[in-house]
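Asker: Letter by letter, the chains look like this.
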Amino acid sequence: MLKAMIRLQWKACWHIVVTLSAAALALPIVSVRTGWRGTGEHLPRFLIELQLWGLFYPAMAAVTAVVLAAAIWASDRRGHHIYALLLPIPRWRYVLLRYLAGLGLLLPVVLALWIGAVIATASLDMPPGLRQFPHSLTAKFALALLLLFGLAFAAAAASRRALGIGFRLLGLFVAVHVAVILLDPGTNLIWRVVSALATWPGPFAPLGGRWMLIDV
Amino acid sequence: MSKLTLLACSVLGLPAIVTAQDASAWRDSAYRITAELRVVRDSIAREESGMEEIARRPGLLVSATTKYQPIAAEVLARFDSTRRRWFGEAFPAAEGFRIVLRTGDRWSTRRRGGGEHSLMIIGLPDGEAASRVSPLVRESELRGPEEATRSFLDQFGRMMMGATGAPLQRWIPTGIPLMISDAARREAAMYALVTGDGPAQRDCVTGVLAACGYVLGLRESATPDPGAKYLPLARADLLLTALDLGGPGAWDRLPDAPGASIEAHLAAAAGMPPDSLLARWRNGLLALRPDHGPLDVPTIAILLGWSGLVLIGALGIARWV
Numbered sequence: 001m002l003k004a005m006i007r008l009q010w011k012a013c014w015h016i017v018v019t020l021s022a023a024a025l026a027l028p029i030v031s032v033r034t035g036w037r038g039t040g041e042h043l044p045r046f047l048i049e050l051q052l053w054g055l056f057y058p059a060m061a062a063v064t065a066v067v068l069a070a071a072i073w074a075s076d077r078r079g080h081h082i083y084a085l086l087l088p089i090p091r092w093r094y095v096l097l098r099y100l101a102g103l104g105l106l107l108p109v110v111l112a113l114w115i116g117a118v119i120a121t122a123s124l125d126m127p128p129g130l131r132q133f134p135h136s137l138t139a140k141f142a143l144a145l146l147l148l149f150g151l152a153f154a155a156a157a158a159s160r161r162a163l164g165i166g167f168r169l170l171g172l173f174v175a176v177h178v179a180v181i182l183l184d185p186g187t188n189l190i191w192r193v194v195s196a197l198a199t200w201p202g203p204f205a206p207l208g209g210r211w212m213l214i215d216v
Numbered sequence: 001m002s003k004l005t006l007l008a009c010s011v012l013g014l015p016a017i018v019t020a021q022d023a024s025a026w027r028d029s030a031y032r033i034t035a036e037l038r039v040v041r042d043s044i045a046r047e048e049s050g051m052e053e054i055a056r057r058p059g060l061l062v063s064a065t066t067k068y069q070p071i072a073a074e075v076l077a078r079f080d081s082t083r084r085r086w087f088g089e090a091f092p093a094a095e096g097f098r099i100v101l102r103t104g105d106r107w108s109t110r111r112r113g114g115g116e117h118s119l120m121i122i123g124l125p126d127g128e129a130a131s132r133v134s135p136l137v138r139e140s141e142l143r144g145p146e147e148a149t150r151s152f153l154d155q156f157g158r159m160m161m162g163a164t165g166a167p168l169q170r171w172i173p174t175g176i177p178l179m180i181s182d183a184a185r186r187e188a189a190m191y192a193l194v195t196g197d198g199p200a201q202r203d204c205v206t207g208v209l210a211a212c213g214y215v216l217g218l219r220e221s222a223t224p225d226p227g228a229k230y231l232p233l234a235r236a237d238l239l240l241t242a243l244d245l246g247g248p249g250a251w252d253r254l255p256d257a258p259g260a261s262i263e264a265h266l267a268a269a270a271g272m273p274p275d276s277l278l279a280r281w282r283n284g285l286l287a288l289r290p291d292h293g294p295l296d297v298p299t300i301a302i303l304l305g306w307s308g309l310v311l312i313g314a315l316g317i318a319r320w321v
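First to last, the sequence lines map onto chains A and B. Counting in the working numbering, the first sequence runs from 1 upward without gaps. Counting in the working numbering, the second sequence runs from 1 upward without gaps.
Hints may contain errors.
[Said to hold, decoys possible] Simulated restraints, written as ranges between beta carbons of each label pair:
1) B:Ala-264 <-> A:Met-126: 34 to 42 Å
2) B:Gly-247 <-> A:Leu-183: 50 to 58 Å
3) B:Arg-170 <-> A:Asp-184: 51 to 59 Å
[To be verified] Interface residues of chain B toward chain A, partial, derived using beta-carbon atoms under 10 Å:
4) Asp-182
5) Leu-193
6) Arg-202
7) Thr-206
8) Ala-210
9) Leu-288
10) His-292
11) Pro-294
12) Pro-298
13) Val-310
14) Ala-314
[Said to hold, decoys possible] Beyond 12 Å from chain B on every Cβ pair, some chain A residues (computed):
15) Leu-2
16) Arg-7
17) Leu-8
18) Val-63
19) Pro-127
FYI, nobody ran anything at the bench for these hints, they're computed from the structure. Note that CB positions come from ideal geometry on N, CA and C, so glycine has one too.
Given only the sequences and the hints, what does the whole structure look like? Please build it.
Answerer: Here it is, written out as structure tokens:
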């Protein structure tokens, strides 16, 4: 059944996967080629540029996750889940199959990024002291993609009712935040939540670290 | 009035009038500046007299106005500990020193200040010839004990550098970077070492100590085109490494070689041959390079853990309608 699900999703999303894979292949190559000058000239500038290019890796993971998660559930939403209801399997198993098939769609993107990273670093004459991290960077991208895809997938898989409850809770939180700010201007609830999510051990903490293909 | 008379009046009379007006303007300006200076001096004196002594340590005491009294004792403890690490028992002058960090009212009419606040560390005996500074600093520099300690150390480091000979001051024109943390300074120096792209800089990374001596401004190069040298931050890091390696009394040994090269001064402070110092400095910085790439074990654990939780949540909240 998983094979059938993968085939179904591939038919619906192959053009998106190919486009994202091409972008993933190009990202490391372009990031290195635009800054590299011969045998390691202007290294500090090159590394700073590479660090800025590194911002595109989590961004790429986020775009891939959101686009693919939305595409995976698009057919179910269009058909009001009738196809799923016809299947003689419990709901959670159907969702799990969709998720695993979705992971299969992520693989070409990760593979393309790995190939791009290897190509980008293979021909460089690295000066002593600098090291290349094509495999480590790809593994980090894959794990970040796994997390972001999971979040986007959960949001896409949720019913309208669940999404409605989520949005109401969000609105309530913003209202409480405004009330707290008015009573005590020194307390910023939104900032606290964002900080908790973006710092250890929050889920987004790893997205903000260094994404260096080449580093000291 | 004839033209000749008019010309004579212009030549002889006008300069005298203009001079008289200029002199009165200068005099008024001098009176005004004097009055402003008196106000400022009185204000400083009033604030200093409003200070209370908070704590003492051997040879040191700290005083503060009300605002900074809660952090004063901790600032003194931190300052004393770090000062001893780099400079031992040395003071910038035999008669001690006085550092007053002031915040509050600025020399501006555009904003209304809330009065002036001060935090002061005194190195005893605080005699007439003691080194003294009293800068007006940003409030953020005294926000907490850590920031305040760094600000005091920065001023103290400037005083200590001012007490050294001119060659050392020329070698590190920017002073000792005590305002930033040890870790930040070492990381910046490590990046400077590893990413230097001149021929001698690359040789230094690979372990040619003569090249390290050149790029740090300690020796002349034996090669015709050695390229650029390191920034003063790397030199300051070498100085602090020498002081660290030298242990107690390292700063006192720094000027022990009169007329000698900077390299000899540093070697005297570190208590080891110059090449050993350079090798220890280089190896220490190279050891700071991250031992893993962009991905480490905690990151893997976090990403996998949260992914699992999210999947469980997705399976739970999924509904058909």
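Asker: Tell me the hint numbers this structure goes against, listed in increasing order.
Answerer: 4, 8 and 19
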